[in-house]
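Fit chain to chain and form the complex, with the hints in mind.
If you read the protein sequences in the order shown, they are chains A and B. Using my numbering, the letters of the first sequence map in sequence onto residues 1 to 304. Using my numbering, the letters of the second sequence map in sequence onto residues 305 to 727.
Don't read these hints as lab results, they were simulated from the structure. Where is the CB? At the ideal position from N, CA and C, for every residue including glycine. Wrong hints could be hidden among the right ones.
[What the hints assert, rightly or not] Dumping the calculated SDA-like pairs for lysine to any residue here, alpha-carbon to alpha-carbon at most 25 Å:
| # | chain 1 | residue 1 | chain 2 | residue 2 |
| --- | --- | --- | --- | --- |
| 1 | A | K207 | B | G317 |
| 2 | A | K68 | B | S466 |
| 3 | B | K676 | B | I632 |
[To be verified] Looking from chain A toward chain B, a few residues come up when the C-beta cut is under 10 Å (computed):
| # | residue |
| --- | --- |
| 4 | S39 |
| 5 | L45 |
| 6 | I48 |
| 7 | N57 |
| 8 | R61 |
| 9 | L64 |
| 10 | L135 |
| 11 | S137 |
| 12 | F140 |
[As the list claims (entries may be wrong)] Just so you have them, the derived chain B footprint on chain A, three or more residues with Cβ under 8 Å:
| # | segment |
| --- | --- |
| 13 | 65-75 |
| 14 | 288-301 |
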Amino acid sequence: MYREFLYFTSIFVFHGKFCPKPGKVKFLSETKIIIDANSSSFFSLKEIVRYKNLLNNLARRDFLVRYKQAFAGIMWALIKPLINILVFGYISVKINGSADAATNFVDVASAILLWQLFSSVFNDVSNSIIGNANLFSKVFFPKIIIPLSTILVCLVDFFISLIILVVLFILSGQSLHWQIVLAPLFILLTILNGFGIGLYFATINVKYRDVKFIVPVMVQFGMYVSPVIFSTHYYLERLPQWAHWIFCLNPMVGAIDGFKYCLFGGDAIYNSSYFIVSLCVSFLFLIIGIKYFYKFERNFVDYI
Amino acid sequence: MNNDFVIKVEGLGKKYLLNANLQERSDTLYGNVINNIKNLKNIGNKKQTEEFWALNNVSFNIQRGDRVGIIGRNGAGKSTLLKILSQITPPTKGRIEINGRIASLLEVGTGFHGDLSGRENIYLNGSILGMSKHEIDKRFDEIVDFAEIEQFLDTPVKRYSSGMYVRLAFGVAAHLSPDILIVDEVLAVGDSTFQKKCLGKMEQVSETEGRTILFVSHSIETVLRLCNKGLLLEKGQLKTAGSINEVTRSYLDTKSGVSSFKSWEKDERPGNDITKLISVKIHNEKDEVNEEYDIVKPIGVTMEYEVLKDGEVFTHSYNFYNENGINIFNTHDTVSEERTKPRKKGVYSTTMWIPGNLLAEGAVLVNVATIKIEPFTILMHEKECVSFTVIDYMRGDSARGNYILGFPGAVRPLCQWDTKYKG
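Chain B on its own, in the form it takes in the complex (with noise of 0.2 Å):
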């Protein structure tokens, strides 16, 4: 009996048929009788339906105490895993073992009823949940202390607020006791100081208890900072797993299919016959190419280039993208010596520094370029050739400050701000 594994899932596969004439469909009465007159000629020929794999061949196992990200695009298969695993609908192929209680999270506020006080809900949603009427006893008062809603316990929650209807339910949910909690993108819902505080109580449940979590986020950064370990699904397919890391770096590799470090053949390199581009690299202070860089400190990109032809002026340039596609910014070389001086043949290495505190957390992509400036001609223009991660490590040193949820914007600099009392 090996016991260290909580969820061992072995070749699972999900099934759906898609209706082939879906397209076909009439939205008109009318329109459907003519189309099933159509369809009876049809009676007897196979029946036109196309199978598609939500999920295929999924293997992998999760040991007990691992808070394990799931990621992957829209229609990779995230929610129907979840949903075997939360046994809501079976599988059509392989098997899962579970060792252990298992509460799924798929949406806040499940079976809650409108007509009901606050206090009713709290016993219904409970016992829907799996907990026994004890259980609820003995949490009653912290799940109404971690909603907030003591003075309206015995109002009906369609009087309720939003926010305080999401926040019970979520309380009655984040309070149940299973070995293995799976959720699926509640903190979609409710404020940001209500999100803080489900992260939280679900770090908290993880770290202190040791509890098993399954997590499914769009939000990269939340992944990152909840879990630990990652599954990433893409078509169905499991493609990556392990720590959570690797995983979100493959998962930003689909996006753009590179790393922080390129080099080229001697005859692969790209250029033309005055410069030939020999390697990019991203790499911190320290001179250490990573996949992730600290948004507070600066970072460096490294163009390494051959000059084949003595005598010529240029510049170097790097344009930079976002996961989105968009410009960030570009920048060519106006202070080095070298840009004004013509060039000897050899090798050249040349060093830039993005400040600490200017790019928004995410991917970038970086364009690599060698340009005249008088006239405007570009001698080299590599496209996409490296990509790097920022991440904010959340000491609350960079432009967040405390905040820890979704923050848009392609850069995110650390304005100087003053506030004055005007009377």
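Bound-form chain A, shown alone (with noise of 0.2 Å):
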């Protein structure tokens, strides 16, 4: 049953089959390349189009792998949520001993969800460009293609972990808001700040591997200096005022809040001037983290 369930998954996130499908050929590469010592590449979409093929491929490659040969098979994309929900969730109804507990509840689980899909975002993105090493020092095409096709895995997981939150919603009896249509676009910024940190670590992690010790730590720390378990009324409240700004520095308040703001409305955004800020410093964090990638990306092979 999982077996279908994995098979159905796949094929509606990543349209398309490993069977025959007609479509149209296309030459991968151009007719005419030139390469020397100074040229170098950015991020283009449309080279991410054109290869979008592997980009599809290598995600599934990784879907399918990860939950081959374990008994639960994709019941882990939901296993393990619940049981981070559940224990963090009930340690916030204690601490915050709300009236309504049923909200309190559903209110973090949103936002471990969120924080979930960034936190593997930026792990499985950091650890990406060494993990597939064996690729592009044999065969080339776009390294960009490597992490991109992280973020598609990270993405199913969050889907299926979403059935979750959908359910506990419907539980504690919430009404929907009309904002609630631009909460894709918390999701994507979230991915955005795992994919422009990840990048940055990726790139570091070539030379120095300490990377992989370095970006569990900061996952792990991250989530406490983040509205995960608290709101960020309740860890503002208790800062001192020049701390605040400190405190929305971390891109993850921004997207985490609106986030919240799009499920459950009302307060959820302590000051819009901080939402701001904490917005900027996500796209700045993005635009270092492609331009950091983008600068060593042509010679990884000789340090990988």
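Structural data, given as structure tokens:
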């Protein structure tokens, strides 16, 4: 049953099947290539579209392999977040002591799912380059395809775990707001956060393998300085004024608060200027990550 | 627009930085800490790195449809060149223009994942190698046929035998349809049937489909068989470019430094006051001096020498060595009439015939001598003065039969075989 589920999910997400399907013949490389010492490449959507077949196949590989030979298979995509939600939800409700425990619980659940999306994108992207060194040291293709494909895999896990949120949402009797249509934007923002920072670390990882120890520590620490277990309100009310700005330099503050605002409406966003700061930091990290990646991309093979 | 070249390389160079402290590096954590402390003192000094040019100032053109063998010793820069051409690593200097779609096969089975089935791996590997989904669909059956894995298509490849694995991997790669195919030592894997199949496939690709192939191999035999053009790299420099025979010759020469014919000026002739060597040549039955000789035909070795004293009795001798320095065989004249007669002054010529189907393929170096048997004295002994290459033209009439791959051994006689059914 898991197998079928796995299969259909992969069709759903990667739109395409392994079985033959007619399509247009495309040539992947230009008919004229010029290689010289100074040529450099930069992020280009055209190139990514050209290699989308590879992108899909790499993502499909990672996804299929992830739950192979696991008894519970894809159920792990549900079990892992579920345990986190139960533990941290319980802690949050106990400490907040709020009257509306159910709402508090759903609130924490939404933040945890988003944080897990961020942490898995961040972690997987930062390890993706060295993990696929055997590929790009043998065959040429745009290396950005590798981290992009890991995002697709993290997204599948995320969508599966969204089932938990939907169930909790209904059980706790929440009402829908119009803002819900904006929710995908904040999911995208979360991915971009993980992608930007992850690319930066993926580049460092090529030369310094310390990254594989640093990233888990950052993820763990980051969770306690982001509005995951407690809301932004909870933190800011307890922090001195000067520390507010520092708190908001965390790009995940904007993403999580925005996502909560879409789901529950109301005052999830503490202060719009803090929110905007956080958004700016997100894009700054993304630009730095991409620039840094492309600066060294061509020489990865020599350092791996 | 000049369109008849597919690859144009100008002044290509690739520099690597070597850490000069590398020898001092310790294997232990303690040693490393001590070294780091030592290095702290050197802060502010120039970084101790050494430049190493894996390739330097390499320029060449490759025409459409050529099959180019890239040869050179280990560390000559062959693999670096292929890596730069296939855009895996960037050059430090120079410029390359490539007309056409390029695919590199630097390793068979790149990107295979053991947990995925054969079918899934065909699609994955195909897309890694740059095939579109449609192309893979079109060639799917051909690939499966080539790999002979029909009944195992849905088995994870980690359960495959290594033979099946390699066949599948090469199958995907061989059915690529690039204009330029770069192949690096892929034939080192797999059994002989498989290797034969791969070679055949590559020949077909280049001959019937007119594609350009760049091929690196350490096997001169394979290169000679598959390629028509060659590039010889030495210490990162391009030494020779041209026809494959010229280039392999030059490669073997760099090992031996001599050719099939050698003569000496009057006052440089080797020898003593009795005999002096004038010239030595290797030739075939038609008395043609070549660099290569057919393995099934007799090969003549002729020396011309001058006798400076009347009345001396001596005989002639040759020693043969292969490229690995192994003494293949020695021979001295025990049959000619002249050997027992006291000689008159003058110029003599003596020819010895090596029978066909005796030497193995490869380079052969020849030592020439004149000797007295009773008592044993060496009058003249010139080492490694000529060399030649024995080639099997793969017509099936040699000791190879129809076998075309690696065939070790210092000699290769065509032996008599008898097999009887004993019940």
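Hint-by-hint comparison with the structure:
1. Our distance criterion of 25 Å between C-alpha atoms is met by A/K207 and B/G317, whose separation comes to about 23 Å.
2. Distance restraint check for A/K68 and B/S466: the Cα-Cα separation of roughly 22 Å lies within the 25 Å cut-off, and the hinted pair is therefore satisfied.
3. For the proposed pair B/K676 and B/I632, the alpha carbon gap of about 22 Å is at most 25 Å, so the pair holds.
4. With 10 Å as the threshold, the beta carbon of A/S39 comes within range of chain B, its nearest partner Cβ sitting at about 8 Å, so the hint holds.
5. A cut of 10 Å between beta carbons decides the hint on A/L45: the least distance to chain B is about 18 Å, and the hint is violated.
6. A hinted interface residue such as A/I48 counts as satisfied when its beta carbon comes closer than 10 Å to some beta carbon of chain B; here the least separation is about 14 Å, so the hint is violated.
7. At a threshold of 10 Å, the smallest CB-CB gap from A/N57 to chain B is about 4 Å, leaving the interface hint in force.
8. Residue-level restraint check for A/R61 holds (minimum Cβ-Cβ distance to chain B is 5 Å; threshold 10 Å).
9. About 6 Å separates the beta-carbon of A/L64 from the nearest beta-carbon of chain B, less than 10 Å, and the hint is met.
10. The beta carbon of A/L135 is positioned within 10 Å of a beta carbon in chain B (closest approach about 5 Å), and the interface hint is therefore held.
11. Below 10 Å, beta-carbon pairs count as interface contacts, and A/S137 has one with chain B at about 6 Å; its hint therefore holds.
12. Interface hint status for A/F140: upheld, as the beta-carbon distance to the closest one in chain B is roughly 4 Å, under 10 Å.
13. Check result for the segment 65-75 of chain A against chain B: holds, 3 residues qualifying (beta carbon to beta carbon below 8 Å, three or more required).
14. Judged by the Cβ-Cβ criterion of 8 Å, the segment 288-301 of chain A is covered by chain B as claimed, because 3 of its residues qualify and three suffice.
The structure shown violates the earlier hints numbered 5 and 6.
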